[in-house]
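Peer 1: Sequence:
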Amino acid sequence: WRLKYTIDRCKIIELDFIFKGLTKLPNAIKHLIYLKNLTLRYNQLTEIPVWIESLHALESLNLNVNNINELPITIGSLSHLKELLLWKNELQDLPNSICLLESLKYLNLRLNQLKLLPYDLGNLINLIDLNLHDNKLTEIPESIASLKSLETLNLSWNLLTSLSSSITKLTSLKALDLERNELTHIPISIGSLTSLEILNLGDNKLESIPESIGNLKKLKNLNISRNKLTNLPKSIYSLENLEELYLSENNLDTNSNFLKKLEDKGLKIYL
Numbered sequence: 001w002r003l004k005y006t007i008d009r010c011k012i013i014e015l016d017f018i019f020k021g022l023t024k025l026p027n028a029i030k031h032l033i034y035l036k037n038l039t040l041r042y043n044q045l046t047e048i049p050v051w052i053e054s055l056h057a058l059e060s061l062n063l064n065v066n067n068i069n070e071l072p073i074t075i076g077s078l079s080h081l082k083e084l085l086l087w088k089n090e091l092q093d094l095p096n097s098i099c100l101l102e103s104l105k106y107l108n109l110r111l112n113q114l115k116l117l118p119y120d121l122g123n124l125i126n127l128i129d130l131n132l133h134d135n136k137l138t139e140i141p142e143s144i145a146s147l148k149s150l151e152t153l154n155l156s157w158n159l160l161t162s163l164s165s166s167i168t169k170l171t172s173l174k175a176l177d178l179e180r181n182e183l184t185h186i187p188i189s190i191g192s193l194t195s196l197e198i199l200n201l202g203d204n205k206l207e208s209i210p211e212s213i214g215n216l217k218k219l220k221n222l223n224i225s226r227n228k229l230t231n232l233p234k235s236i237y238s239l240e241n242l243e244e245l246y247l248s249e250n251n252l253d254t255n256s257n258f259l260k261k262l263e264d265k266g267l268k269i270y271l
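Take the sequence shown: its position 140, counting from 1, is numbered 140 in UniProt numbering, and each next residue is one higher.
Any given hint could be a false lead.
To be verified - Here are the computed lysine-lysine pairs in the DSS-like style, where the Cα-Cα straight-line distance is at most 25 Å:
#1 Lys217 / Lys174
#2 Lys228 / Lys148
#3 Lys220 / Lys268
#4 Lys169 / Lys218
#5 Lys169 / Lys234
#6 Lys105 / Lys205
#7 Lys11 / Lys115
#8 Lys30 / Lys11
#9 Lys174 / Lys234
#10 Lys82 / Lys169
#11 Lys88 / Lys24
#12 Lys260 / Lys218
#13 Lys174 / Lys220
#14 Lys82 / Lys105
#15 Lys169 / Lys88
#16 Lys11 / Lys88
#17 Lys234 / Lys205
#18 Lys11 / Lys36
#19 Lys234 / Lys265
#20 Lys228 / Lys260
#21 Lys220 / Lys261
#22 Lys205 / Lys148
#23 Lys174 / Lys205
#24 Lys148 / Lys261
#25 Lys105 / Lys136
#26 Lys115 / Lys148
#27 Lys220 / Lys260
#28 Lys218 / Lys265
#29 Lys115 / Lys169
#30 Lys11 / Lys24
#31 Lys234 / Lys220
#32 Lys136 / Lys205
#33 Lys136 / Lys169
#34 Lys105 / Lys169
#35 Lys105 / Lys115
#36 Lys205 / Lys228
#37 Lys265 / Lys205
#38 Lys220 / Lys148
Keep in mind the hints are simulated off the structure, nothing from the lab.
Given only the sequences and the hints, what does the whole structure look like? Please build it.
Peer 2: This is the structure:
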């Protein structure tokens, strides 16, 4: 295929290049000032040109499954961008300008090599879904507490040793995935996440769960399997909406009366 330069005369609003073997973006694309959706997944791109800022109308940018190792600072100029998908690339860091994307609702950065996140991440005040699965993160910026619209946060398969109390200020959060990190404890303030419906703490190094987890009245699914737990907080019994409880590979007494009481409530327990 070949893009002709006359493309700049068209009012194209959507462009989809999948499995095209692209190693760089054709310059002609920068003239598509009406473009709203640009999909470039499953190619061989290693970078995004600085002229990406000329796509003023862009609302969705899909760069999944490429070899991108750096984003241009100019990406912060895409003021209408609502969706930025970058999973399975080679990113090691992000430009701070990404924090200027205040219209952004969905940010997927899973399967990269990120070690740090921009300090001003909290400026993305309209963010609903943030996926950081399978990176190399050791900490989360305190500013994340400002993401008051965030409903889904995936931090699984990283290198976190502690859960920042700033995360427990995300009062709109419905799903929190922290599976396969290096967590040794959970702060008491976890009980502040009263909108939470799914909590995954599996495959960490937790020796206890705070009683404050009983405040999560909307919780439906709780995974605390593959930890070092010897007992459970009694407050779990008060979680009336809890449907599934994953407890395998801990040091729990599987014949305890407490577990039997939970089962009698109709709770599905996976040991």
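Peer 1: Would you mind confirming whether the straight-line C-alpha gap from Lys82 to Lys169 stays at or under 25 Å?
Peer 2: holds (23 Å)
Peer 1: Given the hinted pair Lys228 and Lys260, is their alpha-carbon gap at most 25 Å?
Peer 2: holds (21 Å)
Peer 1: Is the Cα-Cα distance between Lys174 and Lys220 25 Å or less?
Peer 2: holds (10 Å)
Peer 1: For Lys30 and Lys11, compute the direct alpha-carbon distance and say whether it is at most 25 Å.
Peer 2: holds (12 Å)
Peer 1: Taken at face value, is the distance from the CA of Lys261 to the CA of Lys220 at most 25 Å?
Peer 2: holds (17 Å)
Peer 1: Going straight from one Cα to the other, do Lys234 and Lys265 come out at no more than 25 Å?
Peer 2: Holds: Lys234 and Lys265 sit about 14 Å apart, inside 25 Å.
Peer 1: Measure nothing beyond the straight line between the CA atoms of Lys11 and Lys36; if it is 25 Å or shorter, mark the hint as holding.
Peer 2: holds (10 Å)
Peer 1: Holds or violated: Lys105 with Lys205, Cα cutoff 25 Å?
Peer 2: violated (32 Å)
Peer 1: Below or equal to 25 Å on CA atoms is what counts here, so check Lys169 against Lys88.
Peer 2: violated (29 Å)
Peer 1: Is it true that the CA of Lys220 sits at most 25 Å from the CA of Lys268?
Peer 2: Given that 25 Å is the threshold and the Cα spacing comes to 11 Å, the pair holds.
Peer 1: Is it true that the CA of Lys115 sits at most 25 Å from the CA of Lys148?
Peer 2: This hinted pair holds, its Cα atoms lying about 24 Å apart.
Peer 1: Regarding the pair Lys220 and Lys260, is the alpha-carbon distance no greater than 25 Å?
Peer 2: Status holds; Cα separation ~19 Å.
The structure shown violates the earlier hints numbered 2, 6, 7, 15, 16, 22, 24, 37.
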